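Student: As a plain string of letters, each chain reads:
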Amino acid sequence: MSNPELGTSGKQQGMFGVSGTGDVSGYGGLVRRRPALVASPKPYGGYFDEVTDALEEAYPEFADAIEMVVVDRGELTLHIKPARIAEVCQVLRDHEALRFEMCSSVSGVDYLGSADDPRRLHAVYHLTSMTYRRRIRLECSVTAENPHLPSVTQVYPTADWQERETFDMFGIVFDGHPALTRILMPDDWEGFPQRKDYPLGGVPVEYKGGAEIPPPDQRRAYK
Amino acid sequence: MTDTYAQARETTEGRVFTVTGGDWDAVLGGDDPIHDEKIVVNMGPQHPSTHGVLRLVLELEGETVREARTVIGYLHTGIEKNLEYRTWTQGTTFVTRMDYLAPIFNETGYCLAVEKLLGIEDQITERANTIRVLMMELNRISSHLVWLATTGMELGALSMMIYGFREREYILDIFEMCSGLRMNMAYVRPGGLAQDVPDEAIAKIREFLGWMPDRIDMYEDLLSGSPIWQSRTQGVAYLNVTGCLALGITGPVLRSAGLPWDLRKTQPYCGYETYDFDVPTHPDGDVWGRYQVRLAEMRESLKIIEQALERLEPGPIMIADRKIAWPAQLALGTDGLGNSLEHVAKIMGQSMESLIHHFKLVTEGFRVPPGQVFTEIEAPRGTLGVHAVSDGGTRPMRVHFREPSFVNLQAIPAMAEGGLLADVIAGGASLDPVMGGCDR
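Those sequence lines, one after another, are chains W and F. So that you can map any letter, position 194 of the first sequence is 205 in this note's numbering, and since no number is skipped, the others follow by simple counting. So that you can map any letter, position 126 of the second sequence is 318 in this note's numbering, and since no number is skipped, the others follow by simple counting.
Don't read these hints as lab results, they were simulated from the structure. Watch out, some of these pointers could steer you wrong.
Derived Cβ-Cβ restraints for the label pairs, each shown as a range [stated by the list, open to error]:
| no. | chain 1 | residue 1 | chain 2 | residue 2 | range |
| --- | --- | --- | --- | --- | --- |
| 1 | W | Arg84 | F | Arg358 | 37 to 47 Å |
| 2 | F | Glu313 | W | Lys92 | 24 to 34 Å |
| 3 | F | Asp470 | W | Tyr143 | 18 to 28 Å |
| 4 | F | Leu522 | W | Asp105 | 50 to 60 Å |
| 5 | W | Gly124 | F | Ser543 | 35 to 45 Å |
| 6 | F | Glu412 | W | Lys92 | 30 to 40 Å |
25 Å max Cα-Cα, derived DMTMM-like pairs, lysine to aspartate or glutamate [said to hold, decoys possible]:
| no. | chain 1 | residue 1 | chain 2 | residue 2 |
| --- | --- | --- | --- | --- |
| 7 | W | Lys92 | F | Asp583 |
| 8 | W | Lys219 | W | Asp186 |
| 9 | F | Lys273 | W | Glu201 |
| 10 | F | Lys273 | W | Asp198 |
Every value quoted in this text rests on a predicted model; they were computed, and no experiment measured them. Each residue gets a CB set at the ideal place from its N, CA and C atoms; glycine is no exception.
If we strip away everything but chain F, and leave its shape as in the complex, we get (with noise of 0.2 Å):
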């Protein structure tokens, strides 16, 4: 057959369509429809359903999936690799660009190895504890947002794309006022946090406070009586809590399949055990289930988040050892952020010991006891854990990532295969992969 939009060739896998886009007819045309042969489609790594740069090689058989085999690589930039080269502080500033969602909680789950290698856990300020709550809470809600956007825009339901997008704009206003940069911010520092959180923007969340959770039943009225809705979530791509444990599957998708396993509730870091939360579940274990407990998940964030508010007290948000704690308060000047001019006085002019410890922590960095830590957070795709292994010198000798988006992808071939097609692009949106993260 000859059609200039699926151009079929011979191989010793049988025949072999490149379709550039035409009709499933003139593909089909010369075949029997119903005949059992299979065919191999590549979606991705260019698919704006992926998510990224994911890549899904799928055998079907009509409409239904035989095979899914997952290719993963495609956003390596060698993070881990590239920290070793780097000093334990300017560390934050790669990490936070791995899963550019959920920036927060990278710097926090890198900074808690950290602290713990240096054994400084129990030093960290109330205050710089309380914002990297506060912080991370106002993080996940926006990388759920971002989930329900882009999941509402692949199932159909393009409107909650737009809002979606909206409110998380509103968060990375925040974002901005409180660092300086709406994505990879590099907020949280080993010791403590880079800069306060100025008022305007304990307002601005306050404001947020006050409208988000009637935004959240607006979406929740938008998108579940849907029937479209409805029927391309419920019961589609299934996993259920062996299948999770199995595979490694945390976060949301084990919760959608009824475990309660939150590691802010389980083993508890920053003081999640003193705030007053739920663990939201589900029974159904399905695409709807995730739904609603990533749902559930945004309404829980704003309680922390009300709660980190009204214990936020003044005091230092840095460590008091100023052999570990960034030598400066960056200060707005003339020119944009920098070192506060009261900082480049003294070190300029009065006092060459400040002027060298400066210099050294800056350009050298501080020494961390040899040997190694693992540090587990829940980020808003499951179990973010942290390896760092130290040398004792002042950069890392080793940080290896157990990214929740990487783990959670092996489910892919689980829930797609004996699904529908269409399927797959639910149940690869409900794991909420993230490439940047993924592939690190």
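The shape of chain W in the complex, shown without the other chains (with noise of 0.2 Å):
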């Protein structure tokens, strides 16, 4: 498959077969504001102030690895400088106060045309630590340009196949991975599927025998 579109950064416009932005509320032309994220105060409540604080104590750079501190929705996520992303999971992972055996999920969200625009691909990790039944949550964010942060697959093996996965939709490059490869798209697909800018259609949909039917952006639209 080859994409001209592909890698040149777009807007996102509409729907298959939707001319306009197929919104019908009559409001189409306003404009939605992104809130940009803002760091929560202390203290943050609950179990979050002794992670946060425990963490602090056993990671002397974490003035430095911590960006920024967010408490949403009874939920603690740390902005973690790319760079650092393995060594906070090793203390987290560790530490006998922290104790997250167990990183549960890695997955990545594609921010383009936000505040946080530049640095657009985050890469997010659910940690979970069993001991004392809490949750965090790490979040990085890197350019579409240097999509590079270092691989926590030496701290946790199970990122191993998420790591693959957010590589394989987003193109975030996981530094260290034993074989950072395509898992659920084909080996020689191009581009990322799971970015906001990555075009919609554009594929026939081919069955044996030769028979096509063109990409859902060039069928007949009823209108």
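Got two chains here, each in a separate frame; can you build the complex from them with the hints?
Tutor: This is the structure we're talking about:
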């Protein structure tokens, strides 16, 4: 598959077969402001203070590594400097007051067009402490031009496939991963499908015997 | 050598045989069978014991597996991407199709995330929560029944397959009575449920509760004493707690290694903390242990279903907030299930505002305040996590599923390497992977 538009950052232009915004409210021209992330003030409440205090004590580079602490909807998010993520995970896993033994999930989010645009690709880690029954979220943001951050597979072997999936879908490169290859998409696929500027449609649907129907964006639309 | 069933060709890696179904004597005829030559066998992606389209690349030395590599992605359907182009409510229709043996869990996990984003967890009605628990536990039994059935079949206990699917069919009938669909029901919706449970379904569930315990005993009588079943499962595909935690393995596999980690107990949701049930564990950490744990879990699920039925009081099944609640109750008409005539009469004849409201909510959907949440529930295969991100619009900005099948399949090399080829089947089956969920 080759896509000339790939990689050229662009705006999302509605859905298949819909011209305009698809908005039926009559407020199609309304600009939606995406609020910039705001750090939460201390105290964070609940076990969040215990976690951040313990991490600060156990990890001397805390002030340098933690960019922001956000508490929202009863969940704690630590925004980490990408280069530090593996170190922070190591401390979070091993320190006896933290004990985040389980890396539940690694995923990516593309914040294209948000206030955080230059560093639009976020790698999001959800850690669970089975000892203390706690959950926290770690978030690292990188640019699309230099989407590199260290792999946490040395700390959490379970992150192996999840980092591969994040690479596959978002093109975030986890340095130090034992075999960072595509996992869900075919090996020769071009582009990163979950990025917000990945073009939709464009691929015809092929059937056995050479029959083919055009890609969704070129099909006849009923208007 | 020339053999029509097994043609050989020389590659840089050595001689490669293409086996198209013949006899192994012919394949190995020219070579010394105890020679240390390794052969690579591709198991799958089309193989009856891979639970879908899982491909295993096995490097064999005789019958011993030296290396096992798992290849997935054959059932990738881009559900996570598709969700970004549908409203939050339409999302349930997609997610229910991921792990097709546990649709209610996908829906509930997703809806809990949407509700947390909306900040309406406290407004979910008592009856909706109870029915969610009821349906999840029925689904857990049906999923474990398929596990028992397919694993039995793969290890040679064919009768188990027939019994397992027979009882599962009964549960699917209950689902059909409640939702209109046997599978992929999109029954749990953000804010509540699609429809209420009819009285006939309650009666059918009670009947099910009456005979199911005996059936579970029957499966146990059928399998546990069988020397073949014992030798195919005991001491096979061993994985201890340390291995499970490192690889992120959860669910019955983790509990079969002895750690009683069950999110229904440890981080409860949907009111599970108010139900009385046990978390079964087993000390062995092998396929036998996983079999014992799943049987015990079915019994515990029956206990939960019984309690849920007892506390099922009449009441609303959808949140009261009309800005989120689906605007119509479904009703059965002469032409099938659709909007209730009463509701249609109201929006078409009496209230223009109701019509606008209905139209807006159905076509455009409700807006979800920006932010992100992560919810986890205990699915039959382990921890099902949902990471949902909203940018404030009517469609998700990103929904990621931490699928237990996906994560658990990483354990295949740890379980299979050094063991026998036949035990790859037992070990893989004991993980209970569903590729629809794994690949999404």
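Student: Now look at each hint and say whether the structure bears it out.
Tutor: Status of each hint after checking the structure:
Between arginine 84 of chain W and arginine 358 of chain F the C-beta distance comes to about 44 Å, which sits within the given range of 37 to 47 Å. Distance hint check for glutamate 313 of chain F and lysine 92 of chain W: the Cβ-Cβ separation is about 33 Å, which falls inside the suggested range of 24 to 34 Å. With their beta carbons about 23 Å apart, aspartate 470 of chain F and tyrosine 143 of chain W fall inside the hinted range of 18 to 28 Å. Here the CB-CB span from leucine 522 of chain F to aspartate 105 of chain W is close to 53 Å, well matched to the stated 50 to 60 Å.
Separated by about 38 Å at the C-beta atoms, glycine 124 of chain W and serine 543 of chain F satisfy the suggested range of 35 to 45 Å. A hinted range of 30 to 40 Å is violated for the C-beta pair glutamate 412 of chain F and lysine 92 of chain W, which are about 54 Å apart. Straight-line distance between C-alpha atoms of lysine 92 of chain W and aspartate 583 of chain F comes to about 23 Å, which keeps the hinted pair within the 25 Å bound. For the suggested pair lysine 219 of chain W and aspartate 186 of chain W, the alpha carbons sit about 40 Å apart, so the restraint of at most 25 Å is broken.
At roughly 16 Å between alpha-carbon atoms, lysine 273 of chain F and glutamate 201 of chain W fall within 25 Å of each other, so this suggested pair holds. A hinted pair counts as satisfied when its Cα atoms are at most 25 Å apart, and lysine 273 of chain F with aspartate 198 of chain W qualifies at roughly 19 Å.
In terms of the numbered hints stated before, the structure departs from hints 6 and 8, listed from lowest to highest.
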